[in-house]
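Trainee: Residue-level listing of the chains:
Protein chains: 2
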Amino acid sequence: MLFDLPTPGFSFELLATLGNARAGILHTPRGDIPTPVFMPVGTLGTVKGMTADELRAEPIDAKIILGNTYHLYLRPGLEVMEHAGGLHKFAAWDRPILTDSGGFQVFSLAAINEIDDDGVTFRSHIDGSKHRLTPEVSIHIQKVLGSDIMMCFDECPPGDAPEAKQEEALARTTAWAKRCRAAPRGPGQSLFGIVQGGIDGARRLRHMAEITKLDFDGHALGGLAVGEKIEETYRILDEVAHVLPAERPRYLMGVGTPADLERGIQAGIDMFDCVMPTRNARNGYLFTEGQRVNIPNAANRLDLGPIDPTCPCSTCRTHSRAYLRHLYVAKEILYARLATLHNLTFYARHVRRLRERILAEGTRA
Amino acid sequence: MLFDLPTPGFSFELLATLGNARAGILHTPRGDIPTPVFMPVGTLGTVKGMTADELRAEPIDAKIILGNTYHLYLRPGLEVMEHAGGLHKFAAWDRPILTDSGGFQVFSLAAINEIDDDGVTFRSHIDGSKHRLTPEVSIHIQKVLGSDIMMCFDECPPGDAPEAKQEEALARTTAWAKRCRAAPRGPGQSLFGIVQGGIDGARRLRHMAEITKLDFDGHALGGLAVGEKIEETYRILDEVAHVLPAERPRYLMGVGTPADLERGIQAGIDMFDCVMPTRNARNGYLFTEGQRVNIPNAANRLDLGPIDPTCPCSTCRTHSRAYLRHLYVAKEILYARLATLHNLTFYARHVRRLRERILAEGTRA
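So the protein lines, in turn, are chains A and B.
This note's numbering applies: residue -8 is where the first sequence begins, and numbers increase by one.
This note's numbering applies: residue -8 is where the second sequence begins, and numbers increase by one.
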């Protein structure tokens, strides 16, 4: 079943369902994105350590990557991005890009000076310079970045904020979502709404009703996996993901482990992003079909086998754990490349396998 | 003219000469090395930031790389290298490798405890642990590393050491060269002698006579470009390089800038290594046909052109100076990769062009 999305050129094709899990294709002007999909995070216009060619090639074959509005706004800044003609040209990436709104980073990285109904004034985590983000400014930055999928600017209160604060943030996020929806975007730029509400299921559903009324191209669950117990995350996922409109893509922001992705897909999520595969790689943690490999471990010192004998990535086909451990210990740049290539391959294959299972065992939509 | 070298499987083919400059091919069991050649430095079993595939592919197409005996002996250490079956297998590099003897690093990086006629006792620059290198130990380590070209263990006194000290070091280097020559090597492992003597031409020629008597597969000039004025380096090169036996390859150790390479080739040198292209790349200095580019420079902020429009490397074909500057400023790993790929391409093309000129304008040998 093919569903046109509000933004011209975008449509969502539902191919099969298995329980709440779905397999589909998000069609965009810059290319098709088979879902469920894992989106590698390219914070500063680069998925750390990787070239665009490596991301595009098998076995990663990333159909979409993320860019971070907050980071790119601070560095290289809007003048450079505008001059370069947007993030695709700047980073030589011709497939779709999703940009977040900057909200999460403002609330987690920057020093907040003031939050009011209009927006947020904050100081840069790099040089302390003062900046202001509003829904209109966030959409404008994302317009300049030229992302294919924009996200609404939302307020992200701490999970342990008092009840009244949570409600205030929720109301503000809805008001800001309306302003984001009304702000001008470029052609080929879709916009997703974000459902907040913490780990209170009723509040989530109430906010979802407000957000889904606004006719976004897709819907995201924000504010999950931000410190709450994983059982709480899973409970909320099970309660709310399948209630999100079935004819639009559903995106779980900033999640998570391979197990989290599987749970999210079972709950009905279509899109994921997380720094875990890339950051863990650089920190020495490598994913495998079996146990996670901690590469600095002395056990790898003389191990001439690959990280994962079942993995088709060039790191596993070419290099031993002993070599990778040596590069890690010697702080060699090559380590980060080889490790990131492997972990992104693991995530890509993991999600593709789950998608194949839905297609094979599910009901044709 | 084809000259067999003392080690079975090795021969040196002289194709053409142009003044003192020579174009040839060093034939080795692991492959042919067209000379003059620039050898990228792979200190710790990796040319920093590069994969073996990138080094082997056009436009770099490195026919031989270096490994550093001192560094690899300390990390990952001989047990790992022996277990892995040598550096080629460990680093997945199937073309020739030249290893230095560790001498230069012991005298420049380590804390020396004692130098005597037998060898050198020193403390590791990493953890202060105590070690001892002798000619026999150096050759043994290089045997374990499995390099195709080994270097003799030599004493490298400071350039400003007193006369008596220089003479003592020279005599020791000759004595150690004899011991290196006598030490057991593996099949397919050749050995180069090193001519020292600082910037005193007569002393250089006297030492050359001692070293060239020992029937090495090739000869190196050591202890140049170690702090003396560049005119002194060039003067010594002009005085001694062409006197080295013509039927064996000549190697100028640790040199240098693109201009130095050109001068060395004119003087009759066949082989070069230097960290300059790789280290400069990481530090923001990029070589071009015109002026050297200092990538952090604000002038590159909005420059959408490549580092060098005449360069065929994928960095120049894909990315702008503005993007590279952004990656550099943001300390992104990808910067080091892209910059190193470019600088190594520049060096490879530079030397290949000089070789082509000798073949085109020179006299058939």
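Among the clues, some could well be false.
Identical copies look the same in the list; a pair holds intra-copy or inter-copy alike.
The calculated BS3-like cross-link candidates involving lysine-lysine, where the alpha carbons are at most 30 Å apart (straight line), are [unchecked claim]:
1. Lys322 with Lys156
2. Lys80 with Lys39
3. Lys39 with Lys220
4. Lys39 with Lys322
It is worth saying that the hints were derived from the structure and are not from the lab.
Trainee: All hints, please: hold or fail.
Mentor: Hint check results:
1. Neither within a single protomer nor between protomers do Lys322 and Lys156 lie at most 30 Å apart by alpha-carbon distance, with minima of 45 Å and 37 Å respectively.
2. Both within a single protomer and between protomers do Lys80 and Lys39 lie at most 30 Å apart by alpha-carbon distance, with minima of 18 Å and 27 Å respectively.
3. Proximity of Lys39 and Lys220 under a CA criterion of 30 Å is satisfied intra-copy only: 29 Å inside one chain copy versus 41 Å between copies.
4. In this assembly of identical chains, the alpha carbons of Lys39 and Lys322 lie at most 30 Å apart whether taken from the same copy (16 Å) or from different copies (10 Å).
Checked against the numbered hints above, the structure breaks only hint 1 and satisfies the rest.
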